[in-house]
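Top to bottom, those sequences are chains A and B.
If you read the first sequence in numbering that gives the first Met the number 0, its first letter stands for residue 0, the second for the next number, and so on.
If you read the second sequence in numbering that gives the first Met the number 0, its first letter stands for residue 0, the second for the next number, and so on.
Hints listed in this document are in silico derivations from the structure and should not be mistaken for laboratory results.
Any given hint could turn out to be false.
Pairs involving identical chains hold if they fit within one copy or between any two copies, as the list cannot separate such chains.
[As the list claims (entries may be wrong)] DSS-like mimics (lysine-lysine), calculated; alpha carbons at most 27 Å apart, straight line:
1. Lys145 <-> Lys187
2. Lys105 <-> Lys82
3. Lys267 <-> Lys14
4. Lys30 <-> Lys14
5. Lys293 <-> Lys199
6. Lys111 <-> Lys332
7. Lys5 <-> Lys142
8. Lys237 <-> Lys142
9. Lys307 <-> Lys3
10. Lys82 <-> Lys267
11. Lys293 <-> Lys82
12. Lys187 <-> Lys205
13. Lys142 <-> Lys267
14. Lys3 <-> Lys30
2 protein chains.
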Amino acid sequence: MNEKNKQILLVKRPKGTPDSDSFQVIESDIKQPENGEVLIRTLYVSVDPYLRGRMIDAPSYVAPFQLNEVIEGGVIGEVLESKTDQLNQGDIVIGGFGWQTYYTAKATEVRKIDQDIAPISTHLGILGMTGLTAYFGLLDIGKPKKNETVVISGAAGAVGSVVGQIARIKGARVVGIAGSNEKLQYLKEELQFDEAINYKTTSNLKDDLASACPNGVDVYFDNVGGEISDAVHAHLNKFARIPVCGAISSYNLEGEDVGPRVQTTLIKKSAFMQGFTVGDFANQFPDGTAELAKWLNEGKLQYQETIKEGFENIPDAFLDLFKGNNIGKLLVKVADISN
Amino acid sequence: MNEKNKQILLVKRPKGTPDSDSFQVIESDIKQPENGEVLIRTLYVSVDPYLRGRMIDAPSYVAPFQLNEVIEGGVIGEVLESKTDQLNQGDIVIGGFGWQTYYTAKATEVRKIDQDIAPISTHLGILGMTGLTAYFGLLDIGKPKKNETVVISGAAGAVGSVVGQIARIKGARVVGIAGSNEKLQYLKEELQFDEAINYKTTSNLKDDLASACPNGVDVYFDNVGGEISDAVHAHLNKFARIPVCGAISSYNLEGEDVGPRVQTTLIKKSAFMQGFTVGDFANQFPDGTAELAKWLNEGKLQYQETIKEGFENIPDAFLDLFKGNNIGKLLVKVADISN
Chain A
0 MNEKNKQILL
10 VKRPKGTPDS
20 DSFQVIESDI
30 KQPENGEVLI
40 RTLYVSVDPY
50 LRGRMIDAPS
60 YVAPFQLNEV
70 IEGGVIGEVL
80 ESKTDQLNQG
90 DIVIGGFGWQ
100 TYYTAKATEV
110 RKIDQDIAPI
120 STHLGILGMT
130 GLTAYFGLLD
140 IGKPKKNETV
150 VISGAAGAVG
160 SVVGQIARIK
170 GARVVGIAGS
180 NEKLQYLKEE
190 LQFDEAINYK
200 TTSNLKDDLA
210 SACPNGVDVY
220 FDNVGGEISD
230 AVHAHLNKFA
240 RIPVCGAISS
250 YNLEGEDVGP
260 RVQTTLIKKS
270 AFMQGFTVGD
280 FANQFPDGTA
290 ELAKWLNEGK
300 LQYQETIKEG
310 FENIPDAFLD
320 LFKGNNIGKL
330 LVKVADISN
Chain B
0 MNEKNKQILL
10 VKRPKGTPDS
20 DSFQVIESDI
30 KQPENGEVLI
40 RTLYVSVDPY
50 LRGRMIDAPS
60 YVAPFQLNEV
70 IEGGVIGEVL
80 ESKTDQLNQG
90 DIVIGGFGWQ
100 TYYTAKATEV
110 RKIDQDIAPI
120 STHLGILGMT
130 GLTAYFGLLD
140 IGKPKKNETV
150 VISGAAGAVG
160 SVVGQIARIK
170 GARVVGIAGS
180 NEKLQYLKEE
190 LQFDEAINYK
200 TTSNLKDDLA
210 SACPNGVDVY
220 FDNVGGEISD
230 AVHAHLNKFA
240 RIPVCGAISS
250 YNLEGEDVGP
260 RVQTTLIKKS
270 AFMQGFTVGD
280 FANQFPDGTA
290 ELAKWLNEGK
300 LQYQETIKEG
310 FENIPDAFLD
320 LFKGNNIGKL
330 LVKVADISN
């Protein structure tokens, strides 16, 4: 095979908002598979806010990316050549091998996905880490009860849009916070959220939340942190639960993320904030995936994907995450399935 | 009876650190008991940091005190006269009737205490709300495991000193943070804490915590909030638990309590902060009291009381709480038992 493997390396750690200077595309030889290995061609690459955390060299829940190495992340690919009994040519697999057009994997490094449930890209989204993050964060930590009020920040994002729909399935009143009128329309008209608030155009988020949540807030699914979360905290009910999933408002801060301390609010409300990552629930993934697939097939769950085309556009797609323009899951399509 | 009932009223809501101007002693007639009632003479009054929160007119977990009303709070008294079958003259009772020398209560408003377990004052401390706060906050929220590290702020206070001892009973490594060398000595020599740190004299609390907690922090029992808690948060282990019991550092702040936001830390560590008040566990009080009494009788639990004398000194005792001088439970002795 004369074709080369294109790879995107992290060549500079971003300070503040990342820009394209942090990334470099290189070409390398494609490694032929040995016994027990498969050669995979990348079809879809997932770009996710959490990758920003791995671009700095600081302790986190996963190790930081090394400079001049390929950026890791969720990928769906097609097996071009197999030297293992466990996978066949043409199988569609998911793995974490990141921003490159080809990858030679041990069979155990990837997992074959079922192409019959839904389009394969959903395994990076609603049936993948994104959907599972929403599922376990809401149900295992937030535990919404019927008629309780669930507020979601980053509500039109990949995770938030699933959280709201699951909360509705559970009979909760759902209020989304998002950053454009297009997103508000999507939340209310497509996803049937009860209320949606545009934090960019509101004159007073706290007041708007009071109107949208006349019975207070029982569950706050926090994707963003910062001042939006401060405003939601003012409306917590007794025994409120806050799954803390992300803090995208802080990821590009150069200084310290400073705001009102939460202790007094938590005491007054006997409330809790629980940070989590989806990996905390790894032993329950099969159950979560099965229930998400069931809801998807029953038409109870919708999903939206923003799919950009072209390998070289992965860094731009990643940078777009911080502009707040995309709805639903953001993916880059790198190649078509060959068969 | 010609004697008068002395009462202390809240006459001015404190701003910032309270002073004696907020309180006024008055005399009123003693109300004679009717059928179903008892006349009680106050023996001990409990003074507690949480009362500060009730002195301001803002929503909290309990209603604010009304101006020109008697300040409520835990009291132990002696039944002088009974017009109910449920209580007899000479019984020692506990109730929430507050800062006054006499009180005429319905039998259901107070609870008879067992004088045989321990000195009666312990029912306001280690066998009362204080001990139960430590017990449920640590065991139901913090859930320390053997050999885990438990850090306690306000460690020499009424609650903190019990938390540390229970954590030791459970086999944890216990590190206390307190504000004087006398307190450190008490924690290490009397209560057998593994380490104790003086936050007032340390040159770098974060570094001292690192030395005292070589394996990180699994449970942080937070009595104080503020910068001390910020420093502890830097050392949390994966899946750390933070029972948030008090935030005394903020109670007298006139401005907003501002500091580093916690979301990113909680996510990185899959950690949680759970605010609580002891009333959240009301249906488990009998079990908690029984186990505390058992440990007390087995010599596994010690307690220290700082007892001031004289009804008129109640406000000063309360103000002392915010000077950080007392060790253990702070009480005011108002009268001796008559029998």
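Is it within, between, both, or neither for lysine 105 and lysine 82, if the alpha carbons may be no more than 27 Å apart?
within (9 Å within a copy, 84 Å between copies)
Which holds for lysine 267 with lysine 14 at a C-alpha limit of 27 Å: within a copy, between copies, both or neither?
Answer is between: at 19 Å across copies they meet the 27 Å cutoff, but 37 Å inside does not.
Can you tell me if lysine 187 and lysine 205 fall within 27 Å by alpha carbon in one copy, between copies, both or neither?
within (20 Å within a copy, 47 Å between copies)
Could you figure out if lysine 82 and lysine 267 sit no more than 27 Å apart (CA to CA) within one copy, between two copies, both or neither?
Neither: 61 Å inside a chain and 38 Å across chains, both beyond 27 Å.
Go through the copies and call it for lysine 5 and lysine 142: within, between, both or neither, with a Cα cutoff of 27 Å.
Classified as neither: same-chain Cα gap 44 Å, cross-chain 49 Å, threshold 27 Å.
Homo-oligomer pair classification [lysine 30, lysine 3; C-alpha up to 27 Å]
within (10 Å within a copy, 95 Å between copies)
Measure nothing new, just compare the shortest in-copy and cross-copy C-alpha distances for lysine 111 and lysine 332 to 27 Å and report within, between, both or neither.
Answer is within: at 19 Å inside a copy they meet the 27 Å cutoff, but 73 Å across does not.
27 Å Cα cut-off: does lysine 307 pair with lysine 3 within a copy, between copies, both or neither?
within (22 Å within a copy, 83 Å between copies)
Alpha-carbon proximity context of lysine 145 and lysine 187, limit 27 Å:
So lysine 145 and lysine 187 pass the 27 Å test inside one copy only (19 Å; across, 50 Å).
Using 27 Å as the alpha-carbon threshold, which applies to lysine 293 and lysine 82: within, between, both, or neither?
Cα proximity of lysine 293 and lysine 82: none, with 34 Å in one copy and 66 Å across.
Can you give me the call for lysine 142 and lysine 267, within, between, both or neither, at a CA distance of at most 27 Å?
Intra 20 Å, inter 21 Å, cutoff 27 Å: intra and inter.
Alpha-carbon proximity context of lysine 30 and lysine 14, limit 27 Å:
Result: close neither inside a copy nor across copies, 34 Å intra and 71 Å inter.
Going through the hint list in order, the structure does not satisfy hints 4, 5, 7, 10, 11.
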